[in-house]
Every structure is written in structure tokens, then in C-alpha cells.
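Student: Mind docking chain Z on chain W? Use the hints.
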Amino acid sequence: MKTKYLLPVVCAAAALFAAGCGTTVNSVENAQKDGRRTMVSDQRVISDTGLNHRVGVVGVNTAMTAGGLLRVQVELLNETRSLHRFSYKFEWFDVNGMQVENILSASSTDQIEGRESKMITSIAPNPGCKDFRLKLISAD
Amino acid sequence: MKTKIIVPLVTAAAAALFTGCATDAHYVQTGDREQIVSLGQINIQDYANAANAAVKDLLASGALDRVANPPALVEVSKVINNTSQLVDQDLLTQKIGIALTQSGKAQIKLVDKLGKGYQQENEFLSDQKATRLPDFTLSGKIIETVDRAGNTRRTTYSFQMALNDPKAGVQVWMSEKEIGKQGTRSSVGF
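Listed in order, the protein sequences are those of chains W and Z.
Counting in the working numbering, the first sequence runs from 1 upward without gaps.
Counting in the working numbering, the second sequence runs from 141 upward without gaps.
The reader is advised that the hints may include incorrect statements.
Stated by the list, open to error - Chain W regions said to be covered by chain Z (calculated; three or more residues, Cβ under 8 angstroms): (1) 59–73; (2) 89–103; (3) 106–112; (4) 120–133.
To be verified - In silico DSS-like pairs for lysine-lysine, Cα to Cα no more than 25 angstroms straight-line: (5) W:Lys135 / Z:Lys317; (6) Z:Lys249 / Z:Lys218; (7) W:Lys135 / Z:Lys235; (8) Z:Lys317 / Z:Lys218; (9) W:Lys135 / Z:Lys321; (10) W:Lys89 / W:Lys130; (11) Z:Lys256 / Z:Lys235; (12) Z:Lys317 / W:Lys89; (13) Z:Lys321 / W:Lys89; (14) W:Lys89 / Z:Lys235; (15) Z:Lys235 / W:Lys130; (16) Z:Lys218 / Z:Lys256; (17) Z:Lys218 / Z:Lys235; (18) Z:Lys321 / W:Lys118; (19) Z:Lys235 / Z:Lys253; (20) Z:Lys249 / Z:Lys281; (21) Z:Lys256 / Z:Lys269; (22) Z:Lys317 / Z:Lys281; (23) W:Lys118 / W:Lys135; (24) W:Lys33 / W:Lys118; (25) Z:Lys281 / Z:Lys235; (26) Z:Lys249 / Z:Lys307; (27) Z:Lys218 / Z:Lys281; (28) Z:Lys317 / W:Lys118; (29) Z:Lys256 / Z:Lys307; (30) Z:Lys253 / Z:Lys218; (31) W:Lys89 / W:Lys135.
Quick caveat, the hints were computed from the structure, so don't treat them as lab data.
Using N, Cα and C, we set each Cβ at its ideal position, and we do this for glycine too.
So here's chain W without its partners, still in its complex pose:
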């Protein structure tokens, strides 16, 4: 008798769960790229493996502006099937390794859909800043 009620309830719950978590992103892009990214080698410190799975760093590329400022673009990938909210901030360092703080180092919140690839960018506060660090933290 119990199984009779339990089974449909479990099935319905599973269906709801799958429907709610199954919102993932499909995408299409040109196969022959004209733009070429200058990827940089990076060092990573992973203290939250769950976050790394939901908001993982795929790669980092940089470019210089005409005015001599370093631009950084980080590609993120959500390997799960559900939306995730996160907060991030870029820290910038001058040639002496001293941190330069201003509004460009402010925390920003963002979200990434399931299986979505997303870029986040920043720009150096002045031409003397050549090094950076990106910090990511879960907001869910």
C-alpha cells in the first residue's frame, strides 16, 4: 500500500528535480576564428573544489590597450547542469609586487548557467600594473 503511493511521489520529485536542474546552455560560434587569443600560463589555488566544478577557470588571455594598459580575460565554465551565482574580484600589482587598489578591484557578482562558458574581464588600473590575481567565491 505504501509503495503504491511512494513510487509516484518519488517519480514526480525526480522529474521535478531533473526539470529544475536541467536548464543548460546551447551555443554556436564560427569555427574558423579570425581572432587569436594570447593565452598566459597561470597558477591556481583551489580551496573550494565544489566551486571549481561550478565556476571553473578554463584559461586566461591578455591583451594590451593602445594606451598601454593590460587587459585580462578569464574564461569560466560551469560543468554542472544548474545555474550558479558567484562573486569575483581582480587584484592588481605593480612592478614591485605592491597591490594597487581602486574601484577596478571592487567585488562584482555574476551568475553562470549550467554548462555555460563565460568570460569575465578586467583592465589594469595604470600602465605600471602588469600582474593580477582573480579571486572567485561562491554566492549561493
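Tutor: Frame of chain W, contents of chain Z only:
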């Protein structure tokens, strides 16, 4: 016997609950995990996000680099407030101004009355007009839009900024940052 055990347990649980709920005043950082997401108003984090986006976009555009005598001289103009709340535009424009001057790409035109007085006195005494007209003016507009569905409310603030070239009479750079907040009540956290 049961009551003898239950009463102290309930008392301890209640005490723990009250201790857990109370939050002693403490210093916080702008943008930290404890920030208050205020549904119906622009908070300090929103200004920071809007300024961050504007500065990032403006520096990347290279618009400030295209002046005859760098660094560019920028005069901060008016930010029109089209929201339902009182807005101090310095919360936005000062952050942008600070970042632009620190970048070395721009100088902000003097607005200090005392400083201007000394400048005029100096010009009078030296009999030379040293005042440089600004290369650009920085203006903007903040717009609020509200959508409702039942108890759920979504408020979107659009921060529109523009860099104007007064000599050419054109806007050389424009950007917009939208900040949306949705929920039934304000909360603490991202």
C-alpha cells in the same frame, strides 16, 4: 523524568537560537559576503559595480588617449537622477574620477572654490590666462525600472555614462551598466 530532561534542553536550544540570531555590530568591507541586497534602492555596492564597469569600459576604449596634450582634462558634469530616491552623484562620479586620475590617463578639472580662487589670482598677477578648457565632460543618467509579479519585485537600475567632446559636440564614449535585483524582500548576502 521526561520533563526534567526536556526543560533544560529546550532552554539551551532557545538560548542558542537567540545567540545565533543576534548580530553584534562589526565593520564590514564593501562587496563582502554580508552585503545587504536592498531591493528598492541603490546601495554602495551598486555604485561600486557601476563605477567599475564604466572605468573598465572607458579605459579599454582608448577615448582618453586621443587628445593632443595627454593626460586628458575631464570635467565632471551632471548625472541625471531618474529614480525614486535621492542620489548623491559623487558616489558614482568620484569613484570614476579617482580611478581615471590614478590611471594617469586623465586629470579632473578643479571644482574646489578655494583652489579656483587661487588660480584666478595667479592668472591676474601673472597676466596670463592659464585656464585650460576641458577636453571632455563626463555626464550620465541613472534610470530605475520596476517590474512586479505577485509579491516578487524586480528593480533594475541603468547607469548610463557618456564622455562628451565639447569642441566637436559629440559623445566619444558611451556605456551602460544594468544592475537588477529581484525578490520579495531585501536580504543579506550576494
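Student: Can you give the numbers of the hints that this structure goes against, from lowest to highest?
Tutor: none
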